[in-house]
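> Next come the chains, spelled out residue by residue.
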Amino acid sequence: MAPLVPSQEELQRRRIIGINPETVTNIPSTDFPGHWPGESHEWALDTFKNGFQVEFHRNDRFESSFSLIGLDAAVANAFRRILMAEIPTIAIEDCFIHNNTSVIQDEVLASRLGLIPLKGSVEGINWMHWVKKESDDEPGSGACDFNTIVLRLDVECYKNEYADKDEQDPRKLYTNAHVYAKDLMFHPVGRQEDFFVGDGAIAPVNPDILIAKLRPGQKIEMELHCVKGIGADHAKFSPVATASYRLLPDIKIERPIIGEDARKFAKCFPKGVIGLEPVTAAEAARSGSGYEGHAGEQKAVVKDAFKDTVSRECLRYDEFQGKVKLGRVRDHFIFNVESTGQFESDVLFLEAVKVLKFKCARWKRGLTDLMA
Amino acid sequence: MSREAYQVPSMGAQTAFDTQGGYGSAMNVDSPSVVYLCGECSARVPLKRGDQIRCKDCGHRVLYKERTKRMVQFQAR
Chain A
1 MAPLVPSQEE LQRRRIIGIN PETVTNIPST DFPGHWPGES HEWALDTFKN GFQVEFHRND
61 RFESSFSLIG LDAAVANAFR RILMAEIPTI AIEDCFIHNN TSVIQDEVLA SRLGLIPLKG
121 SVEGINWMHW VKKESDDEPG SGACDFNTIV LRLDVECYKN EYADKDEQDP RKLYTNAHVY
181 AKDLMFHPVG RQEDFFVGDG AIAPVNPDIL IAKLRPGQKI EMELHCVKGI GADHAKFSPV
241 ATASYRLLPD IKIERPIIGE DARKFAKCFP KGVIGLEPVT AAEAARSGSG YEGHAGEQKA
301 VVKDAFKDTV SRECLRYDEF QGKVKLGRVR DHFIFNVEST GQFESDVLFL EAVKVLKFKC
361 ARWKRGLTDL MA
Chain B
1001 MSREAYQVPS MGAQTAFDTQ GGYGSAMNVD SPSVVYLCGE CSARVPLKRG DQIRCKDCGH
1061 RVLYKERTKR MVQFQAR
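For the record, the sequence lines run as chains A and B.
So the first sequence is numbered by the numbering used here: it starts at 1 and just counts up by one.
So the second sequence is numbered by the numbering used here: it starts at 1001 and just counts up by one.
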């Protein structure tokens, strides 16, 4: 017996998550075998390929927003989690403090330095190996040119003799009163000189991050070792400031909202979501449409549901009761990826795909070993 | 234990911290001087054994020890 094929309207209805004043309905996806009697929901690569879509909304260097349409929440969430926790980057890990007479304590200073995002040649970062932490059983890998990057921070504050007598600004009164991320000096070792040259040199992404404040006679002198790591280990290794997704909002106006109500309705949503259009003569002439005798008045129409925040404000008013249905599209994920500056944001997503592929391959290998 | 286990630098006999060298036999005249910081004017005050504890510039009587010259290691976590 051939499997039943649900109608397009039915499929569309199943895609929408219902959002009510107090509850959310129809949450889990049902497109798997055995849920709908008689229907086949077998997963097939061709069906997925035909249904899958990617749309870019913005693609700046360090921030991108795009939609992935037609995939399961599990996969979309896997990408989000991989983006945050499993793409390797470089960050300061060990601080060797030779001198620190500033008011900021050694451990606090070390922790601050760790969180500074560093950039450098992507090729070089990919070339770098993991550093193996020593344990009780095994010795560590030690610091080598292929796993450790050395930065130095050497600043001393002293009085500026040429400063004006009445000067109040400590930055003019003293030299090096403020220590910034740009004071971190990169010292390439061995093959690092070939990889991290010119623009590819290791440097803080934001040169104006304030690290500490000094006064004359105070001094910071330290050596910093940067290693490769992943966000799951520590947030400083995370390549993204945020990587999140939301589902595409869906607004259905089920019964006409006209005149003053329409203006009030539009105010319940962010700008540009609801538009006002005059009721046409044809609509007014059709009986049962709800527009009878309202020709020329303003009616509310959904212009761009994408911009909605799904605040549910419109559900609070009696006049809109039963006239509007809010929802979200279950398989339309609007991603927003903001890079901390090591990688470009669109490359980051591709890296996430690569990591997921790699994990799948490992899983597959594990299965083959299990069968053998 | 540690791969970069810290080695205490041999500071020689001229420091006051060297137990075998200076301090025990510090009764002699050229005893080592230790630098302190004045609590009032932050001046560097070298003091020898038996010296009056007093800043040479401002006469303040509270002096502080300098920070250790040893390297301190922290994890940036």
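Don't read these hints as lab results, they were simulated from the structure.
For each residue, glycine too, the CB sits at the ideal point set by N, CA and C.
Warning: the hint list may mix true and false statements.
To be verified - DSBU-like mimics (lysine-lysine), calculated; alpha carbons at most 30 Å apart, straight line:
(1) A:271 - A:303
(2) A:307 - A:364
(3) A:133 - A:307
(4) B:1048 - A:49
(5) A:159 - A:133
(6) A:264 - A:49
(7) A:252 - A:159
(8) B:1056 - A:49
(9) A:213 - B:1048
(10) A:264 - A:354
(11) A:307 - A:264
(12) A:132 - A:165
(13) A:357 - A:133
(14) B:1056 - A:252
(15) B:1048 - B:1065
(16) B:1069 - B:1056
(17) B:1065 - A:49
(18) B:1065 - A:213
(19) A:252 - A:325
(20) B:1069 - A:133
(21) A:354 - A:267
(22) A:219 - B:1048
(23) A:182 - A:252
(24) B:1069 - A:364
(25) A:252 - A:264
(26) B:1056 - A:165
(27) A:182 - A:267
(28) A:132 - A:364
(29) A:132 - A:159
(30) A:49 - B:1069
(31) A:49 - A:219
(32) A:213 - A:159
(33) A:182 - B:1069
(34) B:1048 - A:323
Unchecked claim - Not the full set, but computed from the structure, chain B residues with beta-carbon under 10 Å of chain A:
(35) 1033
(36) 1042
(37) 1067
(38) 1076
> Against the structure shown, which of the earlier numbered hints fail to hold, in ascending order?
As far as the earlier hints go, 2, 3, 4, 5, 6, 7, 8, 9, 10, 12, 14, 17, 21, 23, 24, 27, 29, 30, 31, 34, 35 are violated by this structure, in ascending order.
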